[in-house]
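*Asks:* For reference, the chains in residue letters:
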Amino acid sequence: MFKWIHKFGSPPFVYGFSKALSPWIGLASLGLFAWGLYLGLVKAPPDYEQGEVYRIMYVHVPAAWMSMFVYVVMAISSAVFIIWRMKLADAVAEASAFIGASFTFLALVTGSIWGRPTWGTWWEWDARLTSELVLLFLYLGYIALRSAIEHPQSGARAAAILAIVGVVNIPIIHFSVEWWNSLHQPASITRADGPTMHISMIIPLFVMLGAFQLYYAHHLLVKLRVVMLERDRRTKWVAERVQNGKL
Amino acid sequence: MTSVDAVLSAIDLTSWRGETCVLNEVSLSLSAGQILQVVGPNGSGKTTLLRTLAGLALPDDGQVMWQGNNIEHDRSTFQSQLLYLGHKPGVSGALTPRENLLAFLHVRQASPDLTQLDDALDALALGERKELPCRWLSAGQQRRVALARLVLEPVNLWILDEPLNALDVDGIAWVVDRIEEHAERGGMVLFTTHQPMPLVRRQAQQVLLSEVEMSS
Amino acid sequence: MTSVDAVLSAIDLTSWRGETCVLNEVSLSLSAGQILQVVGPNGSGKTTLLRTLAGLALPDDGQVMWQGNNIEHDRSTFQSQLLYLGHKPGVSGALTPRENLLAFLHVRQASPDLTQLDDALDALALGERKELPCRWLSAGQQRRVALARLVLEPVNLWILDEPLNALDVDGIAWVVDRIEEHAERGGMVLFTTHQPMPLVRRQAQQVLLSEVEMSS
Amino acid sequence: MSTEQETPTVGIWQVFSTVFVRDLRIAFSSWSEGLNPLLFFVLVVSLFPLGIGPDPRLLSSIGPGVIWVSALLAMLMSLDGLFAADHRDGTLEQWVLSGQPLSIIALAKVCTHWVRSGLPLVLMSPLLGVFLNLPTTALPVLVVSLLLGTMILSLVGAIGSALTLTVKQGGVLLALLVLPLSVPVLIFGAAAVQAVVEQREALGQLALLGGGVMGALALAPVGIAAALRVGVSSGD
Amino acid sequence: MSTEQETPTVGIWQVFSTVFVRDLRIAFSSWSEGLNPLLFFVLVVSLFPLGIGPDPRLLSSIGPGVIWVSALLAMLMSLDGLFAADHRDGTLEQWVLSGQPLSIIALAKVCTHWVRSGLPLVLMSPLLGVFLNLPTTALPVLVVSLLLGTMILSLVGAIGSALTLTVKQGGVLLALLVLPLSVPVLIFGAAAVQAVVEQREALGQLALLGGGVMGALALAPVGIAAALRVGVSSGD
Ligand code: HEM
Ligand SMILES: Nc1ncnc2c1ncn2[C@@H]1O[C@H](COP(=O)(O)OP(=O)(O)OP(=O)(O)O)[C@@H](O)[C@H]1O
Ligand SMILES: Nc1ncnc2c1ncn2[C@@H]1O[C@H](COP(=O)(O)OP(=O)(O)OP(=O)(O)O)[C@@H](O)[C@H]1O
Ligand SMILES: [Mg+2]
Ligand SMILES: [Mg+2]
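First to last, the protein sequences are chains Z, Y, A, C and G.
Just so you know, the first sequence maps onto residues 1 to 247 in the working numbering.
Just so you know, the second sequence maps onto residues 1 to 216 in the working numbering.
Just so you know, the third sequence maps onto residues 1 to 216 in the working numbering.
Just so you know, the fourth sequence maps onto residues 1 to 236 in the working numbering.
Just so you know, the fifth sequence maps onto residues 1 to 236 in the working numbering.
In case anyone wonders, no lab produced these hints; they're calculated from the structure.
Treat the hints with caution; some may be incorrect.
The list that follows gives simulated cross-link-like pairs (lysine to any residue, SDA-like), each with its CA atoms no further than 25 angstroms apart [to be verified]:
hint, chain 1, residue 1, chain 2, residue 2
1, A, 130, G, 17
2, A, 130, C, 168
3, C, 168, Y, 135
4, Y, 130, A, 130
5, C, 168, G, 85
6, C, 168, G, 115
7, Z, 87, Z, 147
8, Z, 223, Z, 245
9, Z, 87, Y, 63
10, Z, 87, Y, 21
11, A, 130, Y, 21
12, C, 168, G, 42
All chains should be built: construct the whole structure from the sequences, respecting the hints.
*Replies:* Set out below in structure tokens:
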């Protein structure tokens with residue numbers, strides 16, 4: 001078991017693996033995007049209350065979900081890094097921070113755009129909106145802390161501690177709509193007694209979610225390679241790769 | 001450079017700072033009763049080496065062993081046998097010498113000996129100032145407060161980074177005596193200094209660090 | 001102890017700290033080309049004396065005269081002829097050695113000589129590190145940055161409080177050379193150190209401060 | 001030589017009380033410093049009527065929020081230097097090397113911080129409540145919510161303070177790290193008081209805060225200790 | 001030896017620009033630090049709706065006050081370490097001994113502080129105004145009032161920062177000294193914005209703030225210089 005982890009956790013292996021896989025994942029993600037957008041923007045019926053506006057949901061909801069998902073990935077890999085000293089896990093966390101912040105930003109912007117016609121305001125100090133904003137600050141804090149500490153190893157560990165501590169905010173974001181009666185939609189898909197939305201609206205949503213997930217995987221694999229090269233620049237395997245021109 | 005009966009040993013320590021390799025596969029070992037002086041010009045990595053040996057800084061490669069175990073695996077056993085005094089003396093300016101020392105003693109000993117504490121302060125010519133906040137003390141007096149711990153905490157291994165800085169002639173003599181005494185009792189001392197230091201009774205071994213070249 | 005051609009003189013300086021008289025009617029004088037070492041054990045008031053002479057601390061009694069005028073009356077004339085380096089080196093950790101030095105030079109000289117600056121850094125073995133933030137430098141390297149000002153700022157009076165602290169053998173030799181050179185060119189140097197310092201070409205006069213007793 | 005048997009082991013309680021007493025002594029070594037966070041709290045609360053205007057109805061409707069936000073800022077302000085002095089003079093290194101559990105030492109430091117910053121603020125809050133026209137029935141809840149809330153803030157804030165140990169102007173980065181984590185505390189705390197003002201139950205919010213104290217007490221010391229270890233090792 | 005004629009005198013402008021550039025370089029030596037006061041401002045503004053609740057009418061009626069109070073606190077926070085680093089590493093001693101007018105050096109340091117803390121906050125304020133539902137007509141006045149107000153706060157705050165140089169946990173004492181002095185700024189600044197919101201003239205308040213800037217520019221540097229001299233001489 002330990003040997004297995006060791007092999008699949010070794011940088012040269014991960015590097016090669018990522019290099020082989022990332023183009024295919026990228027392609028798959030593109031394909032799902034095209035399909036999801038077609039289903040969502042063309043095939044799905046207009047909403048009986050909101051008309052066509054609701055279609056922004058197909059970006060907003062996956063982006064909002066991904067913003068939380070990426071944070072959880074970051075927190076888990078940080079924990080793995082702290083407990084087992086696995087450097088690769090930290091590389092995953094580092095590679096996730098920026099894309100996670102971008103998803104959060106996207107959710108905020110699309111939510112805002114959606115809010116204008118439906119609630120009549122760009123921004124509302126409502127619990128879910130605020131906690132999503134707080135999540136953005138958490139991401140920014142993570143990135144700032146990492147860059148503010150000069151010794152890379154220390155920066156990595158400090159950032160990992162922050163990521164783990166910050167994970168308490170995730171349930172707060174999810175349940176905020178129930179705890180405070182707010183403007184925002186209550187959970188209509190992720191609820192215990194099944195979704196309340198029509199199936200023809202839900203399928204495109206999940207296709208889009210798949211596209212987002214694959215895009216994240218693609219981005220992660222590419223970024224991981226950059227991070228690994230940067231960190232292991234003094235090791236033999238990087239030197240060999242540079243020599244063979246196989247970056 | 002490792003010996004069989006070594007209590008503390010470092011194996012191939014390597015430390016990078018930025019693009020500079022400050023410690024390049026440094027190995028050393030220290031056994032009971034030994035005094036080791038780390039020698040090298042300014043910036044050759046002495047402080048980095050001592051901090052790594054104390055477990056305050058992590059090496060990029062290599063390991064530090066205490067009684068055969070990696071110090072990272074059993075930190076508290078190692079640290080309870082270690083006294084490290086670095087460039088920063090660890091003396092709070094708001095507290096008196098006595099309060100400063102008492103805090104350290106109480107954390108490490110169930111019931112520290114108070115008369116011993118007063119004796120130590122007297123020996124270091126701080127007797128009159130033991131109730132004065134340390135921020136009012138002179139540079140040398142502050143260092144003396146930190147050095148008083150040498151006779152108060154019964155540990156095996158001393159790691160002292162330039163303990164003679166800011167001390168006057170009497171102070172230096174006192175520290176040198178303590179180091180020799182400690183080694184005679186079977187303790188171990190690892191230290192640096194740029195001053196010519198007359199170790200009368202025992203000879204110090206030396207580890208030489210060479211100048212650090214920046215790879216550009 | 002005052003002489004007729006004294007450029008800097010102190011008359012009956014008295015300084016109290018709390019209930020202790022740290023400086024008790026200390027007088028001294030310094031004329032062109034003279035080197036004066038203030039000698040005394042830890043806590044005898046050397047730093048207090050030097051800070052008072054530089055105008056950084058006010059004495060409770062007595063006065064400091066520069067070319068016959070009380071320094072408090074014409075501060076800027078005095079200070080533009082003074083270089084004071086104290087226990088704290090005045091080196092910002094966020095800036096590189098070059099940036100640190102340039103700021104001081106530009107404040108005191110209309111158009112400082114940059115090649116001279118680079119030469120000085122090279123002479124102090126900081127050439128490779130002149131673009132590194134100073135917080136990454138070792139203790140001795142940081143002190144070297146401050147000491148580079150000795151050859152960069154053409155002033156008359158140097159007041160140096162333990163300039164040899166943290167320096168290695170080469171560094172000490174460099175500073176000693178500069179001090180002797182400065183005196184030979186007619187400059188004045190007032191300094192303290194606890195290290196045996198071989199002044200080869202010129203003899204330093206000494207002012208002896210005795211141990212401070214606390215009056216209780 | 002073996003000195004191990006000479007030193008009987010030191011109990012955790014002795015470690016805690018030594019560090020606690022030492023830090024309290026430093027904190028109150030001048031009386032003005034002991035009082036400072038409290039005065040800051042009072043000043044910030046009294047800024048609001050100045051910025052917003054003296055309308056009493058408006059003031060009482062924003063009262064709970066203002067008191068809570070000010071408390072949070074006062075805590076934040078006082079967190080800034082929590083470990084800085086110890087780090088600068090090298091004491092922190094000595095704690096890390098003491099061979100004793102660092103989380104106990106960290107907990108002791110947090111306790112001092114709370115006694116110095118949180119407690120006075122809790123004791124003062126009823127007066128400020130009256131000042132901002134809160135109904136007297138809301139005052140007990142105000143006190144209890146602040147009591148629990150400031151404890152959480154001390155504990156969680158100390159993690160941030162430890163993380164920003166080696167950052168040059170850590171103060172503002174500290175705020176960036178700690179504020180997101182303290183938002184839930186603020187929301188529940190202010191909501192509890194607001195509930196009583198509007199004559200509803202506040203037990204739910206208070207229970208959540210209490211749970212938060214428990215959780216933070218259990219987890220934060222370990223986090224602080226880990227962060228301090230990192231900070232000390234990342235160079236002087 | 002007489003070296004006096006070797007050194008041509010240095011112009012005041014060169015002294016100013018040297019210190020200004022040096023400090024800017026330190027301030028922006030890492031990007032995150034440059035951004036920090038701004039982030040703090042944004043964070044504090046967004047705390048209020050959390051504490052007070054989301055009612056938009058309430059929020060817009062307290063909007064000007066909230067933005068102004070937050071700006072004041074952000075400035076205060078960043079003032080804390082204004083001279084601390086220079087004092088600790090001995091640079092301040094060197095400035096005092098430089099033989100150049102200390103008030104010019106002090107003014108340069110204040111200018112850096114304003115560029116780093118005040119200016120970004122002024123530029124960001126319209127966005128926050130929108131967030132808090134201020135009418136767009138009020139935004140220009142918000143910007144101008146903050147522009148003038150933050151200048152006064154930098155200048156006056158620096159005196160406080162210099163006075164608390166040797167105080168251990170200066171942050172809160174600093175707040176105590178500076179807040180009373182900055183109350184008039186807060187009152188006029190917030191009142192100017194409030195006036196426009198209520199469709200009244202705001203010129204009077206702005207003129208007063210402008211006068212304040214003039215007065216502070218003339219007097220503060222001398223005060224700061226005097227305070228710094230005292231701070232440096234009062235021990236290491
Ligand atoms: C800036 C404004 C907004 C932000 C920050 C925001 C944030 C979020 C977040 C974080 C989620 C994920 C919640 C979870 O799964 O736990 C979410 C889901 C959702 N949002 Fe928004 N939102 C905004 C505006 C809007 C608007 C205006 C609408 C529609 C009127 C909307 C409709 C939805 C829907 C339908 C979901 C899926 C709910 C579920 O089943 O979980 N959002 N949003
Ligand atoms: N980021 C960095 N990039 C390049 N070099 C660095 C960096 N950080 C530290 N250094 C170098 O690493 C070395 C650290 O040396 P260290 O402090 O261990 O020296 P030392 O032997 O204790 O010197 P001293 O006698 O002056 O105390 C210095 O030469 C310093 O310039
Ligand atoms: N408030 C006070 N009450 C009593 N004594 C004080 C007070 N403040 C300072 N002192 C004493 O005044 C003296 C100051 O000495 P100073 O720093 O000038 O010594 P020094 O000769 O430079 O010593 P060193 O060689 O250690 O640098 C010290 O002995 C110190 O204990
Ligand atoms: Mg060193
Ligand atoms: Mg001295």
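*Asks:* For which of the previously enumerated hints does the structure constitute a violation, in increasing order of number?
*Replies:* As far as the earlier hints go, only 4 is violated by this structure.
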